[in-house]
Amino acid sequence: MASIVTRVKKKQISELMDKKKRMDDRDLTDYREMKIEQGIIERAEGSARVLLGKTEVVVGIKIEMGEPFPDTPNDGVLTVNAELTPIASPKFEAGPPDEMSIELARIVDRGIRESKTINTEKLVIEPGKKVFVVFVDIYVLNHDGNLIDAAAFAAMSALLNTKMANYEIKDGEVQIKPGYEQLPIRKHPITITIAKIGDKLVVDPSLEEEEVMDARISMAIDDDENICAIQKGGSGYFEPDEIFEAAKIVKAKAKEIRKKMNW
Amino acid sequence: MPIFLEKRQLVTPGDLIAEGEYVAGENTFVEKSKIYAARVGIVEYENKRVDVVALKAFYVPRPGDIVIGTITEVGFNGWTVDINSPYIALLRASDVLSRPFKPQKDDLPQVLDAGDLVVAKIVSYDRTHDPQLTVAEPGLGKITRGQIIKITPTKIPRVIGKKGSMISMIKQETGCNIILGLNGVVLITGKTLEDEQLAMRALVKIEQESHTSGLTDRVTQMLKEEKSNKEENKNE
Amino acid sequence: MNDKPEKLIDKKGLRLDGRKADELRSVKLEVGVIPNADGSAYIEHGKNKILAAVYGPREVHPKHLALQDRTVMRCRYHMAPFSVQERKSPAPSRREIELSKVIRESLEPAVFMEYYPRTMVNVFVEVLQADGGTRCASITAAALALADSGIPMKDLVVACAAGKVEDTVVLDLMDTEDKLGAADVPVALMPNLNALTLLQMDGTLTHEEFEKAVNMAIEGCKQIYVMQKEALKKKYVNVSEGIKEEAEE
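Chains as they are written, first to last, in the numbering used here: chain A, 1 to 263; chain B, 1 to 236; chain C, 1 to 249.
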C-alpha cells in the first residue's frame with residue numbers, strides 16, 4: 001500500500017515542483033516556520049525546544065565531571081545522543097538506539113565538534129584527570145521531516161543557553177561556588193539539509209517530501225563560511241554538479257539564517 | 001548505430017554494449033537508448049538482439065519450467081519445497097494425491113516427507129505469490145535414487161548443448177540418465193556410483209569452463225580418458 | 001603509544017608514506033574468496049584488509065520485514081577486535097552502526113531492487129585490518145561481492161576519499177592523515193551514471209577546497225574502478241587462458 005501512495009504523491013509533488021512550488025506552498029529553498037524557545041527545562045544546565053513546521057525536537061544539556069579522553073588530556077568532553085521517542089511517530093519503537101537515531105546524533109555531533117563550537121580547553125579542571133563532560137541529549141517529540149536541521153538548531157540553541165556552576169579546587173577536591181558561567185562557545189555552526197526530488201533540490205524537506213525523495217544531503221557551515229560536516233543520506237544518488245549546487249544554496253541560506261538568529 | 005563489443009566478450013555490470021536500434025535481451029538494461037550489461041557475462045548478439053549470457057545468476061521461477069526440489073516442510077495441506085531460488089515453492093496435497101485432501105485420512109509425511117526430492121513443474125508464479133508446483137504429469141514425482149548436483153542455473157543451456165549435443169554425449173559416454181532441472185539442480189541416475197560420479201565431473205567441468213569454446217570436445221575427451229583409465233586400473 | 005609526526009607533508013610535497021598529493025595507495029582485489037557465500041570479495045587498500053560477503057537474494061527472515069515491491073538490503077559493517085591499534089570490543093559501536101547504514105545507502109542505488117520483491121540481500125563487511133578509509137574500501141569490496149553473487153546491477157560502486165592535510169588537498173588519506181589532518185571527504189561513485197552514492201565530510205574546508213576534494217576523490221574512484229572490473233573478469237579469464245595453454249601444449 002505504502003508504495004502506491006508514494007507513487008501518486010511523488011507525481012503530485014513533482015508536478016508542483018516544476019512550477020517551483022511545494023505542497024505547503026513554500027519556495028524550493030524556503031524553511032518552514034521555525035520557533036525556538038530556550039531554557040524550557042530548568043533542571044538541565046541548558047535546553048531548547050525547536051518547532052520546525054510540525055517537527056518538534058527538544059535538546060537538554062547536562063554537564064558533569066569526568067575523565068578526559070586519553071589522547072586529549074587538555075580538553076573537555078562532548079557527547080551527543082539522540083532518541084527517536086515512540087511518541088514522535090508511529091514508525092518509532094522503544095528500544096536501544098537504532099541506525100536512524102545513531103546517525104542523527106553523529107551528524108549533529110560532527111557539526112558541533114568539527115566547527116569547534118565549544119571551547120573545550122576551558123572545560124579542564126585538572127589536566128589529564130578531571131574535565132567537564134557536556135552531554136547533549138536530543139529528544140525528538142514529533143517527526144514531520146528534517147529531524148537533522150531541527151535537532152542541530154535545537155542543540156546549538158541549547159548550548160548557547162547552557163550555564164556551568166562555578167567551582168574552585170580546595171585541598172585537591174572540587175568545590176562548587178555560588179554563581180554560574182556561560183558554557184564557552186566559540187562558533188555557531190548552522191546545519192542545512194537539502195533533499196533531491198527528481199531533478200529538483202529542496203531545502204528543509206517535510207515528511208512527505210522525505211518519503212518521495214531520492215536522497216538528501218546535510219551540510220554544516222561555520223561562522224567563517226567553512227564547511228565542517230557533510231552527510232548524504234537515502235538510497236538514491238546525487239550527481240557531482242548537484243552537490244556543488246546544493247553547497248551554494250546552503251552557503252546562501254546559512255548566511256540568511258545567521259543574520260536572523262544573530263549567531 | 002554502433003555495437004561496442006565483440007561477440008563472446010566478457011562484460012561486467014554497467015559496461016556499455018550497444019547504442020541505438022538494438023533490442024535489449026537477457027541480463028541487460030536500457031538507459032537513454034544505450035544498452036548496458038546488468039550482470040557479469042558474455043555478450044551475444046543475434047540479428048538486432050543483444051544478450052548477456054550471465055556467468056552466475058540465481059533461478060527465478062517461470063511457469064512451465066521443470067525443476068528439481070527438496071521438501072523442506074510438511075505443512076497443513078501441502079509441502080514447502082526448496083527449488084534453489086530466492087522464492088520458496090509450494091506443492092499442494094491435492095496435486096500429489098490427485099484428489100481433494102482429506103485431513104483425517106491422509107498422512108502427508110507418508111506421501112512426501114522433509115528431505116525428499118521431487119521433480120516438479122512450475123504451475124504459476126508472479127511477483128506477489130510464491131511459485132506453485134505440480135507433480136501430476138508423467139515423468140514428475142518423488143525421486144528415489146540417483147545423485148544430485150547443483151550448478152549455476154544459467155549454465156543449464158550449456159549442459160544441453162547445441163541441439164542437445166552435449167547432454168546426449170554425456171548420457172552416452174556414462175550410460176546415465178540425466179534430468180536437468182532448469183533451476184540448476186540436476187539428477188543423475190546410472191548403473192553404478194562410479195558412472196554417476198563420472199557424469200557429475202563432466203557437469204562440474206562444464207560449469208567452470210562454460211565461457212570458453214571447444215568445450216564439447218574437451219568434455220568428450222575427458223570422459224573417454226577417465227573411462228580408459230578405469231579400464232586400465234581394472235586390468236591390473 | 002605513537003608519537004605524533006612533526007609534519008604530514010615534507011618540503012618536497014611528499015606525504016608520510018612517500019606519496020604525492022594526488023597519489024592512490026596500492027589496491028589489490030580478489031573476487032570469489034568465500035565459497036559458502038553467494039558472492040564475495042577481498043580488498044587490500046593501503047594497509048586496509050577487508051572481506052565482503054553477500055548472501056542472497058533469499059527469503060526474508062523475519063517475514064514482516066519483507067517489502068512487496070522490492071528486495072530488502074541489509075548491511076553490516078564490523079571491525080575485528082584486532083583490526084586497530086588498541087583492541088576494539090567486538091560489540092557493534094555507534095560508528096559501526098552509522099557506517100553500516102551509509103554503506104548500505106551507497107550500494108542500494110546500484111542494485112535493481114525492484115526486480116525481486118519479497119526477498120532479502122545481506123551484505124557483510126569484516127574489517128580485518130584498518131588504516132584509514134575503511135568505509136571506502138568496504139564499499140569497493142561489497143560492490144564486487146554483489147556483482148559476484150549474480151544479482152543484476154546498474155553499475156559497480158567504487159569508493160575513495162580525499163581530504164586536506166596541512167593546507168593541501170590530498171587523495172586517499174591513510175590513518176595518521178585521517179586522524180591529524182584538517183578534513184576527510186569519503187566518496188562513492190557509480191562511474192557510468194556519474195552518480196555519487198556516498199558523500200560525507202568532517203573537518204574544515206572552504207567551498208573551493210571541498211569542490212577540489214570531491215573531484216579528486218572521483219578521479220581516485222575511476223582508477224580503482226578499472227581494477228574492480230579486472231578483478232571480476234579475472235576468474236573467468238584465468239580459466240580461458242588455462243585452456244588455451246593446455247591446447248598449445
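Treat each hint with caution, since some may be false.
Claimed, not checked - Straight-line alpha carbon distances no greater than 30 Å define the calculated BS3-like cross-link-like pairs of lysine-lysine that follow: (1) C/Lys7 to A/Lys129; (2) A/Lys248 to C/Lys212; (3) C/Lys233 to B/Lys7; (4) A/Lys9 to B/Lys32; (5) C/Lys244 to B/Lys227; (6) C/Lys179 to A/Lys129; (7) C/Lys154 to A/Lys10; (8) C/Lys7 to B/Lys150.
No lab work stands behind these hints, which were simulated from the structure alone.
Which of the stated hints cannot be reconciled with the structure, identified by number in ascending sequence?
As far as the earlier hints go, only 8 is violated by this structure.
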